[in-house]
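Q: Going letter by letter, the sequence shown gives residues 1 to 236 in the UniProt record's numbering.
Hints may be right or wrong, so weigh each one.
Computed spacing ranges between beta-carbons, pair by pair [unchecked claim]: (1) E209 / P30: 31 to 37 Å; (2) Q101 / S50: 39 to 45 Å; (3) F37 / V133: 25 to 31 Å.
These aren't lab readings, by the way, just hints derived from the structure by calculation. What you are looking at is a predicted structure, and each value in this text was computed from that prediction instead of being measured. A virtual CB, placed ideally from N, CA and C, is assigned to each residue, including glycine.
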Amino acid sequence: MGRDHVRQPPVIAPEPVPVDDPGVWEKWDPCGNARTFRGTTFTAHVVPDSPFHLLGRRILEDIRAEGIGEDYGLLPLSSLHMTVLDVCVEQDRAAWPSWLQDSPDFPTVVRRQLDRVISSGIRGPGVLRMAPVTVWPLDWALSIRLAPADETTTAELTRFRTEMAEVLEIPLQTDYEFHSSLGYRLTRWASETSRLDRLTERHRSWAAEVPEVDLAPVAFNVFDDMLAFPPLYYLP
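Could you build all of it, start to finish, from the sequences and the hints given here?
A: Have a look at this one:
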């Protein structure tokens, strides 16, 4: 007598799990749309079509080709930059320095900060030579860590960050890791570690082919979300 056919239950693909990071969800909704998240910062934008800019494009194209683009809030290449010094965000009013606490709204904060930046006469880094160090694990983020390529750049970044933090009366994170972000991790899947490790190593090998990052001069920027960081003032 033949064996009875046993109907197998359908295989149901696991659902992605949102990352447990409140800071991410301040900036992104569950569908990958950028939320309004206003603030000010100092950045140096990556020069378009430079080797590092093309590296960013290559990585983003690979993420999409691998079918995991929806697991990240991807950033446009036009905004690719290196943050030099974080200043403040609108929603964290308690962290604003005392001289800004009486500001009626955030546009006033931006104007007052800009006036102080310009009147300070502080010069931007005279030398800004940065090099890719590594690609952070894709399970965590979609970012490339950067480091000064020489001692002069290290000294100039330290000088600028210290002087500007003092003028604006903001905290200075002395152990800050410079980086350029291509996206934010939004969701995770079970049993994806080996695949992401493989992709991370691939991207690291690509980054190793780029010896230096071509950067525009440092600017004071305002942003409404994570998609664009328009400059208000380029440091002399």
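Q: Indicate, hint by hint, whether the structure satisfies it.
A: Quick rundown of the hints versus the structure:
A C-beta distance of roughly 36 Å is found between E209 and P30, which places it inside the suggested range of 31 to 37 Å. One distance hint, 39 to 45 Å for the beta-carbon pair Q101 and S50, holds here, with the actual separation near 41 Å. F37 and V133 have their C-beta atoms about 27 Å apart, which keeps the hinted 25 to 31 Å range intact.
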